[in-house]
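Chains as they are written, first to last, in the working numbering: chain A, 15 to 368; chain B, 45 to 822.
One or more of the hints may lead you astray.
In silico DSS-like links for lysine-lysine, alpha-carbon gap of 30 Å or less [said to hold, decoys possible]:
id, chain 1, residue 1, chain 2, residue 2
1, A, K363, B, K76
2, B, K53, B, K301
3, A, K363, B, K250
4, A, K363, B, K537
Covered stretches of chain A, as calculated for chain B (at least 3 residues, CB under 8 Å) [stated by the list, open to error]:
id, stretch
5, 23-33
6, 124-137
7, 300-306
8, 309-320
Among chain B residues calculated to face chain A with C-beta under 8 Å, some are [said to hold, decoys possible]:
id, residue
9, L91
10, A375
11, I379
12, A414
13, V433
14, L435
15, G463
16, P474
Derived from the structure by calculation, the hints contain no laboratory data.
Cβ atoms here follow ideal geometry from the backbone N, Cα and C, with glycine treated the same way.
What follows is the residue order along each chain.
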Amino acid sequence: MSFRIASSPHHHSQQHTSVLMQKVILACLPGIACQVYFFGYGVLLQLVLAIITAWASEALVLRLRQKPVLPRLKDHSAMLTAVLLAVSIPAFAPWWIIVLGTAFAIIIVKQLYGGLGHNLFNPAMAAYVFLLVSFPQQMTSWLPPLTLQAQQQQVLDPVCAVFTDFSCAGYSLTQLKTDIDGMTMATPLDTLKTDLSTGKTISESLQQPVFDSIGGLGWNYVNLAFLIGGLWLLQQKVIQWRIPLAVLGSLGLCSLIGYLIDPDLHASPLFHLLSGGTMLAAFFIATDPVSASTTLRGRLYYGALIGLLIYLIRSFGGFPDAVAFAVMLANLAVPLIDYYSRPRTYGHKPKGSY
Amino acid sequence: MQSLFQQIKAGQLWDFHGGIHPPARKQHTSQKPIGRLALPDRLYVPLRQHIGVPGALLVAVGQHVLKGQPLTFANNAMAVPVHAPTSGTVLAIEPHIAPHPSALPELCVVIAPDGLEQWRERHPLHLPECDRLSLLQRIQDAGIAGMGGAGFPTHLKTGAASGVDYLIINAVECEPYISADDVLMQEFATTIVKGIDILCELSGPKAVLIGIEDDKPLAIAAMQAACSQREQYLVKTVPAKYPSGGEKQLIQLLTSKEVPAGRRPLDIGIVMQNVGTVFAIAQAVLEDMPLISRIVTVVGDSLTQPQNVLALIGTPVGYLLDACGFSPEPAQRIIMGGPMMGFTLPSVSVPVVKTSNCILAPSQAELPSASNEMDCIRCGACAEVCPAVLLPQQLLWYSKAKDLDKLKEYNLADCIECGACAYVCPSEIPLVHYYRVAKAEIREQSRDELKAEQAKARFEARNERLEQEKQQRATRNQALALQRQQLMAEQQKNREIEQAQQRVAATSDTATELSKEQIIALREQKKAAARAYQAEKATQQSMQHSADTADAAAANEPAAASLPATQPAQSQPEITSDPRAAAVAAAIARAKAKKAQTEPGETSVVVPAATAVAAEPILDTRAAAVAAAIARAKAKKAQAEPTPQPLPAPTAAPVKPQSDDSGASSHDAAASSDTDRDANRETAKRQALAAAIARAQAKRQQTDAGSVAMSHVPQSAHSTATTTKITDTPDTSALAKSTAATPDTPADDPRKAAIAAAIARAKAKQQQLSATDPKDQA
Ligand code: SF4
Ligand code: SF4
């Protein structure tokens with residue numbers, strides 16, 4: 015009888031890439047549920063559109079590259095990219111935004127660099143930046159939380175808005191964004207920035223209806239939901255603690271310093287941590303293994319860099335949220351970080367240069 | 045602050061980077077007693093079961109052997125013998141598939157047990173009376189090699205151990221499934237402690253650290269009980285983590301020290317022995333029981349009765365499996381060793397050897413085999429668990445890219461192939477497999493590099509040599525051309541002289557005075573002719589007689605005609621006694637000369653019939669050429685010698701060619717020293733002799749082809765004698781002088797100068813070569 019020959023080890027932890035990706039997607043669910051609760055189910059439409067586009071583009075490119083399609087689709091990495099992009103863009107953004115963005119993420123950012131494991135940038139974030147730069151208006155058209163909307167959202171409104179740019183009653187997105195007082199509302203971060211530029215202090219700005227006691231209304235709960243998902247991922251050992259901790263730690267530290275210097279001009283650390291896409295970035299985006307640093311020490315540097323960049327861009331940059339830019343800039347620094355954070359191999363003397 | 049020793053005594057443990065926690069699955073076997081099996085009907089004992097060389101065979105096919113009888117004998121330090129595991133008959137000594145990842149056949153002694161278990165005579169040692177040497181000898185004779193993994197000869201490890209701080213007994217057994225050491229400690233703790241006593245005797249450590257994983261409570265208790273009387277034996281319980289049983293990892297765990305890269309534990313004062321090895325040592329010393337059996341864990345879901353068995357070395361794996369209720373599934377894997385570092389066997393006929401601690405027959409459900417390798421997602425999980433603190437993902441990248449330099453930079457060599465990285469890799473990349481391939485490639489490359497370097501050195505040496513030869517040839521050709529030119533002129537002149545001599549002889553009897561004048565005025569050739577003429581006068585031989593002699597000599601050995609120059613010179617004047625006869629002789633000589641000229645290469649041999657002068661310098665140069673040729677040959681040989689062994693050569697290589705060179709040049713000097721005007725008589729004589737010998741050698745070589753021409757030389761048979769006679773007479777000085785006179789002729793100077801220049805060039809070349817050679821090799 016013949017026996018099978020294999021190379022050692024013959025043992026495996028049975029933690030497979032596809033399982034990891036699946037768990038990350040699962041961990042997004044609380045955050046998505048929160049978004050639905052506060053902003054309507056538009057985000058679900060975006061998710062469906064994104065996932066279909068991602069699968070289609072991935073299959074197309076794999077076919078063109080003459081690689082097996084199914085096994086790669088089953089690793090769920092394309093789906094994860096789609097999910098991350100879908101939860102990042104405004105729920106009522108027109109359908110072509112997400113389709114274009116997802117296709118860009120999969121085809122250009124991921125596959126043109128050589129597929130999973132070879133991409134330099136986080137595909138979702140690169141696509142986000144691409145969309146933001148190309149279509150700034152659509153990409154910033156976040157609706158205020160349902161409770162603040164002047165027009166009561168109809169059941170089919172999200173569908174109409176996504177596919178026609180207008181609600182079923184014929185209101186445009188701009189109209190939908192208008193509050194009861196006829197003021198156009200932006201996201202909390204946006205509002206804060208605008209208010210600060212007009213000379214208001216933080217505390218004055220926080221009187222606006224888009225804020226509640228600790229931050230943007232709705233947004234803080236979305237962030238908390240993503241935090242819960244992230245902690246579950248940590249517990250499941252899908253991600254390691256280094257990057258999230260470094261991101262949150264450095265963002266918190268930076269904002270604390272600013273807050274201590276001048277609380278009138280700088281938002282509190284808590285506000286920063288629970289605003290925009292902070293938690294999503296810390297647990298779901300910065301931890302994307304492919305585009306992050308791979309050394310243990312390097313991951314701390316990488317996370318800290320993202321936190322710092324988020325704070326700097328939020329405080330001094332021209333864009334309302336900074337997660338995507340921060341992650342992309344840190345992606346660029348990864349080869350350098352990796353090189354200088356190489357660990358000391360067992361039995362080797364510490365090298366002066368690293 | 046506490047010293048390290050105090051910390052260790054206080055029970056402190058350290059940690060190593062990374063590590064994994066695979067399910068241990070030891071409970072199936074560790075709770076059961078050690079199984080004793082019936083004798084198998086065949087035993088295949090490989091001659092080499094350790095790192096090193098096999099011993100020399102002691103038995104022959106058909107011979108009856110006793111249990112414990114050595115089958116081989118250690119004829120050098122790297123060899124350890126193997127023994128007959130039981131009494132029986134040697135059926136064959138043939139290659140048999142060996143327990144090695146490559147599964148290549150190795151020479152095995154096949155034994156058919158007779159079932160009697162008859163022991164050879166045994167001589168247990170009594171420890172207090174033993175010295176170090178006899179203990180070490182016993183350990184080697186008992187065939188003990190590290191039983192934990194690699195199988196390094198134990199006597200070498202122990203023998204080298206002096207100035208040891210810690211003796212670490214590795215009883216960690218961190219691989220899943222394996223419990224052989226566990227049950228060994230449970231059953232034989234006292235014997236193991238006796239083995240430790242012996243090792244302490246040999247290396248005298250400050251403390252003995254016995255490392256056991258905390259999932260073996262029974263073994264820990266047994267060892268603690270056995271060690272209770274010995275204060276410096278510390279049983280250390282280490283947390284279960286793979287690979288804490290790795291040599292370097294255990295050292296780090298127990299002492300916080302790291303073995304520097306490329307060094308041995310001994311360099312930091314630590315010796316580590318596997319607990320199984322210690323047990324074998326105790327048995328060998330105290331009971332004179334060589335290493336003929338070991339405990340093997342036979343386990344896996346494809347077996348109905350997994351257990352630890354005491355297996356004789358050489359037992360086929362299939363026998364053990366069957367004894368444990370083996371029911372293979374399709375595409376069954378049989379793994380020798382643990383699931384992390386073991387290797388699959390292609391056949392169940394592979395025998396158990398000294399290093400086999402486990403036979404694993406897992407079901408597919410139990411240990412799913414790697415399904416599909418995917419791309420690395422750079423998750424870093426591998427870097428997190430690597431106990432050597434490497435970056436496996438980078439190593440993978442560079443292994444795939446075959447970037448060997450980067451692999452070295454990222455310390456691939458420090459990978460212990462533990463497999464922790466591949467265990468956690470979510471993309472199921474067989475990382476260790478990639479590293480093995482890359483390591484093999486690096487080995488291959490360094491071998492190739494060495495080869496290329498040697499080839500380059502050889503090629504350069506050859507180029508130098510060819511260039512040198514080309515130059516020498518050019519110089520020689522130039523010299524020959526000059527000679528030929530001169531020869532023609534000489535011939536012409538000689539013919540005139542001859543005619544003049546004939547005229548003189550015909551008209552005048554005062555030849556002696558004339559010849560004296562010629563000695564002063566003319567070339568040595570003329571002098572020789574005159575001398576010959578004198579001799580001829582004295583003998584009063586007739587023309588006819590000389591012709592007869594010539595005829596007789598025609599049949600003579602041509603090789604003997606080493607000095608034809610004098611002979612013809614003697615006979616030449618004979619002709620002159622009769623003008624008519626002389627004219628005839630001259631005509632004959634001319635005809636011969638012409639004939640000789642038409643046969644290239646023989647010219648110089650025939651010409652002496654008419655002239656002796658020309659022959660001399662020609663012979664000189666020829667001798668020089670021969671000497672040069674010899675020198676070249678030696679130089680070539682010297683060049684060829686250092687290349688196969690480039691390393692030890694650098695000091696010897698420059699010396700050798702030089703000494704050869706000086707030999708050659710002294711040769712040259714001897715050949716050309718005739719030109720030294722200031723030489724006194726003695727030296728002149730010796731030099732002349734040397735020159736004559738050189739010439740003779742040269743001549744002999746040339747005459748090999750020119751026998752026809754030689755037949756023209758009269759009285760050649762006696763020529764050697766004549767030469768000796770001549771050199772004995774005072775005339776030698778004249779001869780020497782005449783040779784010395786040759787440089788006077790303008791044609792000679794450039795020739796010699798050219799030769800000298802050629803020699804000088806050759807020497808310079810050689811020196812250059814010997815100067816550059818070591819550099820190339822370095
Ligand atoms: S564990 Fe596997 S997938 Fe992850 S970085 Fe290492 S090699 Fe790549
Ligand atoms: S096999 Fe080599 S690279 Fe992988 S974990 Fe072990 S030592 Fe590190």
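Hints that the structure is at odds with (numbers, increasing): 1, 4, 9
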